[in-house]
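**Q** Spelled out, the chains give:
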Amino acid sequence: MATEIRVPTLGESVTEATIGKWFKKPGDAVKADEPLVELETDKVTVEVPAPTAGVLQEIIAKDGQTVTIGAVLGSIKEGAGGAASTGSAPKDKTVPAAAGRPDQKTETTKPVAAGPTPIQPRSGNEQRVATDNAQAPSVRRLGAESGVDPASVSGTGRDGRVTKGDMLAAIERGPSVANAPSQQMRAPSPADDASREERVKMTRLRQTIARRLKDAQNTAAMLTTFNDVDMSAVMKMRAEYKDAFEKKHGVKLGFMGFFVKACIQALKEVPAVNAEIDGTDLVYKNYYHIGVAVGTEKGLVVPVVRNADMMSIAEIEKTIADFGRRARDGQLSIGEMQGGTFTLSNGGIYGSLLSTPILNAPQSGILGMHRIEERPVAVKGQVVVKPMMYLALSYDHRIVDGREAVTCLVRIKEGLEDPARLVLDL
Amino acid sequence: MSYDLVVIGTGPAGYVCAIRGAQLGLKTAVIEKDKTFGGTCLNVGCIPSKALLHASHLFEEAAHDFAGMGIGVSKPKLDLKQMLSFKQEGVDGNVKGVDFLFKKNKIDTFKGTGKITGPDKIEVVTGNGKAEVVEAKNIVIATGSDVTRLKGIEIDEKRVVSSTGALTLDKVPGKLLVVGAGVIGLELGSVWRRLGAEVQVVEFLDRILPGMDGEIARQFQRILEKQGVSFKLGSKVTAVDTKGKTLKASVEPAAGGKAETLDADVVLVAIGRVPYTQGLGLKEAGVELDERGRVKIDDHFQTNVKGIFAIGDVVRGAMLAHKGEDEGIAVAELIAGKAGHVNYDAIPNVIYTYPEVASVGKTEEELKQAGVAYRAGKFPFTANGRAKVNKTTEGFVKILSDDKTDKVLGVHIIGPDAGTMITEATITMEFSGSAEDIARTCHPHPTLSEAVKEAALGVDKRAIHM
Ligand SMILES: Cc1cc2nc3c(=O)[nH]c(=O)nc-3n(C[C@H](O)[C@H](O)[C@H](O)COP(=O)(O)OP(=O)(O)OC[C@H]3O[C@@H](n4cnc5c(N)ncnc54)[C@H](O)[C@@H]3O)c2cc1C
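Those protein sequence lines, which keep their order, are chains Y and D.
Position 221, counted from 1, in the first sequence is what our numbering calls 221; the numbers after and before it change by one each time, with no gaps.
Position 148, counted from 1, in the second sequence is what our numbering calls 148; the numbers after and before it change by one each time, with no gaps.
Treat the hints as calculated values from the structure; they're not laboratory data.
Quantities reported herein were computed from a predicted structural model and do not represent experimental measurements.
From the three backbone atoms N, C-alpha and C, an ideal C-beta is built for every residue, glycine too.
A portion of the hints provided could be inaccurate.
[As the list claims (entries may be wrong)] Below, a sample of chain D positions facing chain Y; criterion: calculated Cβ distance under 10 Å:
1. Arg-207
2. Thr-428
3. Phe-431
[Said to hold, decoys possible] In the SDA-like style, the derived pairs of lysine to any residue whose C-alpha atoms are separated by at most 20 Å in a straight line are:
4. Lys-404(D) <-> Glu-145(Y)
5. Lys-175(D) <-> Ser-163(D)
6. Lys-298(Y) <-> Glu-276(Y)
7. Lys-404(D) <-> Thr-156(Y)
Here chain D stands alone, though its shape is the one from the complex (with noise of 0.2 Å):
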């Protein structure tokens, strides 16, 4: 039998693009790997990160903040057990979810390795080896993306870890040593320093959070410093002596210099991720790769080969889970003879640490360099009146627009719930809106929404609350 769309993996490129294609009338089947479906953001990466970060900022919260608004506890004792149940209980819930979209949608499910072994032709491996042929009129090549290793640096996933160990170590290490101030690196830092280790960052450039805004960073390095996070900017770390009982890792200056040693219990290797198409006999089937191993689509997510398509952290762009999705849902309406579109000048970008920082658009960097002439406008959460009764007064928002037609051309928030604050910029930005546009639109008082209005005024220089 021949299925109008095959999708192989199911991270959230590949099965929202199932069940769009689906909705859409194609007769659609899956395939996967593992032994559970959602892929990485699911399995080991958004979901379980995120019930760690909410639950070790409770941990925190609990211990210090109970007490300034009366609420009495005893110290709260961490049962690490628990709270890692409590994690996989989430990724459970999330991975049935998944499960149960693909049978309300009447979508096939393989398990097994999908190998392309012709433009409509799929084999599936299973585990004990048996091999079965699916025939596609369509493939969606969703593998998405795995750890980048660091040369001579082993990744045990006990001591030396991915953030894959990292979201199930079995005790909060002592000393915490993360390679690379990025997202992953910063999120799974906060989490285990929340709950009793020290934590040290070093990172290869002379910033956190490369590609972010870099006033937007620096203050945020700030934040996390006087949380006790340090940082060992312009740094490289070498190689990792795995032999004592306390790890030596050997960090040199990126620039080049003496080496020195940092003990650490674990070591978090979180310097970015590769996309992942082992095994899906590409070269065979002719599928063409760029210079950094991503497969090579055109602007309707279409490979070299017709009828061959790639979504997802697999292909060029941000290897977001969001980013994925819409390009799922995107090439699942091309197939179907619709319209798909991804507008990549508008898409979110989240960390979700405390305070969270969240930005779309262009960075003050990028603009300038760019040579595009813009306003800034910009207001502190000290200055919003819910922030400051919350007494959750670290971050600001900053929206820059152009300076001419005051199209909204970048937001970037820091501070509690930046987020979900975000996506009123996104959408104005997706109607090309104006800072006034926001400005003009009523926000509810007493709500942290409401620095985003008061800095949408400041780049007109008239905030009310300033």
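Just chain Y, same shape as in the assembly (with noise of 0.2 Å):
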């Protein structure tokens, strides 16, 4: 018996996933449970697990491939022990379901059932195979003729698959709307300069930052109000219980806690900004799910603090600590990653003075963090040199009004900078 390996689900939103490598060939032996092949997905790279123990029989998915979710990927033969099945050739008809070219169409050899048996019907598994996204010929025609590349038009068709009459939309309104603006089709480069270009693939996770954010701005009528904070506060505490809260948390104090915690005071007084829209509705949530995000080596991501308003600062600390290691490794899950009400971003620790921070939609705030440097500033007449930081607080002006969000950065600011605040709940 074969046994199928297929996309597993890979959580609320996502619907697809590319290939990244297969780690077996066919032929090999494999364990249950031992990894067979890397999927990178919008938000994260998983590693799908051999279903049973058995040789791997056929891949069908080679790497780059878009497959949907419980779109078959190969089929392991079970039992007779990976060692007798080794021998014999393994009958590698390994088909190309839905080969790179997204323009052209592929042939779906079906497998071919192993003699008499009588051909089962699958029972249990109602997805299907990965589709290749084939145009029309219509559409490809238009396409060819036009320069209009129908990858950059939004289609109307079933499963959202371009129709010859989106392509004449397109073409009428014109190639420089051509729709998405993230997909602009390149001037050619002169012979001399495209011979020293080198092209990459844009990964699947960089392709949705890029959306998201071109979509975020597209979407949210944005806008950024900035403010200084003073952290002497905040590091005369870090430095007199550094020790002792490493001590006893086992995770170093750093600045995270305190500025997730003023945040969550500032956005329970100002609830528009954790709040989102939805159509003509705007819901307000009553809780606190923390975006921070975190560099990694291939892009950004967010995981998400959860309920952060019921934990304490060492909570937070060591919550934040676990997923930047894990998100180094890329092994945040799915799950992680959604649900966030409200973001931080650091752009301190690359050494940035200021930014304008993009939303992460549909949030309708998020708070930019900067480099703390020495500045001299002002007080009580005197110039005296304080630890500042700049903060800039980018939001959603639909939702969020002027007032509302210079408030909720003074609030911020207040906190930090008397963070007996933050404990007293002021």
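Take the two lone chains, each set in its own frame, and fit them into one complex as the hints suggest.
**A** As structure tokens, this is what we get:
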């Protein structure tokens, strides 16, 4: 019996993934639960384990190919002991179920049932095999003739396919505004330059980041308000309790715990910043799931500290440290990156003086943190040197008024300048 | 014990729904009042009528067309008894198939009339009067339809018959009067004409096949007339006198006027079908019907009572087996928490006469009425190589597409195998495809389906073989 290897469910809103890499070749013996293949999704990279022990019989979805949830990736020939079957040449009828060229139709060959056993209708599995999003012939022709890339046109046909009508409309609008600006066609470079260029395919994560950032900009009425904060109090507290804290909690006392706490206190006072728009409704979330942007090699990910309002600073620090470690190893689960209500982005660790962060849609607020630097400031007519940080709060003006945004940021500043307020809930 | 899903009625809507539910892991049972499963479609509808259409067509071909192809046979003799048992074997085979599928999918079956006694309870009364209560979290009503009767005309299923009786006449009537020029009347009229009856069709409207594309209907009428069927349009049958050896039907102009009498050996009443909800206890259960007696449902096939759904002929929409089947699948998926959906804009409709008539989507009349700008591409089978060599050149393909976007809006075919060929049009429409998409898709040569491609080219005025 052959067991199919399928794309597992990868969390809400994830419908497809790209094959990163197969760790095994057809014919290799595999143990149950041994990682077989790596999938890249919009959000994370996951490994698909072997559903059973046996011999990898065939690989249907090749490296780089896009697959949908539930699609068949390959199959494992069960039992008979890996050793026995490795001797005989593995029946490798690998099938280009969906080759890379989206503009070409590909054939999908059905695996031939071995022997006279009747073909069993698949039970329990409701998902289709990956589609290659082949374009309709009229769409391919219009694409070739007009230069409008069908991939840049949003489709109204079944499953979002581009129809001839969609193409005609896109051509009429003119190639300059052919929908998705993130997928603009690039004018060819002079030959001399072209030979020195390198083309690298965008990872799925990168593509998602690109799309989501642009979507946020296109949707929200985005505005940023600034302030600065005197970090003396937080730094003093940190210096004083650093060792005791680490000894007790097993994690370093950083800044993030303070910031998260200060933000939540401000959000409670200005709920619009912790709300989102749903059609013609405003949804006020009376919970505080704070996203913390973490840079990784492949791009930015934003794990979410859930119910951060109910956590101690130590718990928050621990959670964030754990996220950071696992983000770098690409081990965050999709669930851990969903459902945030507000986001913190710390450009300071890279040395940023000031920035205007882009909202993490559909959230309505994001706090930009920056580098702490000693600056001369005037206090009661005296110039003194203080560790200062600029703060930037980007917000969606559709739902947050200017006064609210400014108040929110001032509250954050006050909480950080006088942490006693955080303890006393002032 | 309580089931996740209980389906009342095992016609194509009901049995498909049950199988899909079982596939999705729902504990499923069906209730059927007839001796056999399969409903109208398998027992007295689609399946037996197609068996007779097939056999009678070959009978006619053997008599008229074989000689021209160099096949010498003596004049074929009709063995009606054998032809009817050929039909019955086909029915039995299909009905047993449903039996097998129920067993295979571990669907429990209850034989008896189902009556809904609560939102989650059904009482099943068997032939010997015993009652049993079945509990269900979800109930699907798939009780189908029944023959529409004509006021003042009693159907005895011997001389005055419905489609059911017309499938089992024990001798070929000398004269068959068909009341209603719809699909069923024309199919069964064709059967008995081929077997030797003189067939006359009386229709209330001034056209045949109401609802079908007008141009297609007109050509179809001419073809049927050439075959020997006569039509009396704009007329209504008001009474049938059964006293004498010959039936005497009174026929009046629809607009009013002088009545005349038509003689017939058999009168076939085929004026349509009505939803069947008798004995279901819908009133007591509080399930609402619409003004035409159909069970009222929302977009998710749910009646006004939560947990009670309805599909097939008993609800709005075309009374077609495949429409019911697709609804059966969709409602089972919805009950199982999935995304079931039926696209009512792309449901094909086929008449299995010779030649066949098939259509999907909008007719020219509908487009004109809706003020939609469209283009039409037409291609006759007289210009199709395969049709020419087979000498089956009657009919044509017509493709209607949006003037601006070229999206296929309707496809109408009259010709041999039209029912099989309509599927490519349906798929194109399901994917919002354009006429050009059909035109640019390679069609095998030599086949009749090349006419579909040529008609698609014709939308752009660039048919090759014309
Ligand atoms: C002569 C003829 C030819 C046809 N040809 C075609 C064709 O070629 N193509 C096509 O698509 N359609 C055709 N049809 C139409 C097709 O048969 C119907 O559309 C189809 O059968 C409807 O399916 P259904 O499941 O809704 O109902 P039905 O097939 O009518 O099934 C309903 C079932 O429910 C049972 N039932 C009713 N009430 C109860 C109750 N209270 N308890 C238990 N059981 C109950 C009935 O006994 C029946 O078995 C034809 C119809 C006729 C009459």
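**Q** Determine for every hint whether it applies to the structure shown.
**A** Here is what the structure says about each hint:
A least Cβ separation of about 33 Å between Arg-207(D) and chain Y goes past the 10 Å threshold, and the interface hint is therefore violated. The interface hint given for Thr-428(D) is met, as the beta carbon of that residue sits about 9 Å from the closest beta carbon of chain Y, less than 10 Å. Because the smallest distance between the Cβ of Phe-431(D) and any Cβ of chain Y comes to about 5 Å, under 10 Å, the interface hint for this residue holds. Between Lys-404(D) and Glu-145(Y), the direct Cα distance comes to roughly 18 Å. Compliance with the 20 Å bound is thereby established for this hinted pair.
Note on Lys-175(D) and Ser-163(D): the hinted pairing holds, with a Cα-Cα distance of about 16 Å set against a maximum of 20 Å. For the proposed pair Lys-298(Y) and Glu-276(Y), the alpha carbon gap of about 28 Å is over 20 Å, so the pair is violated. Proximity of Lys-404(D) to Thr-156(Y) is assessed by CA-CA distance (about 15 Å); at most 20 Å being required, the pair is judged to hold.
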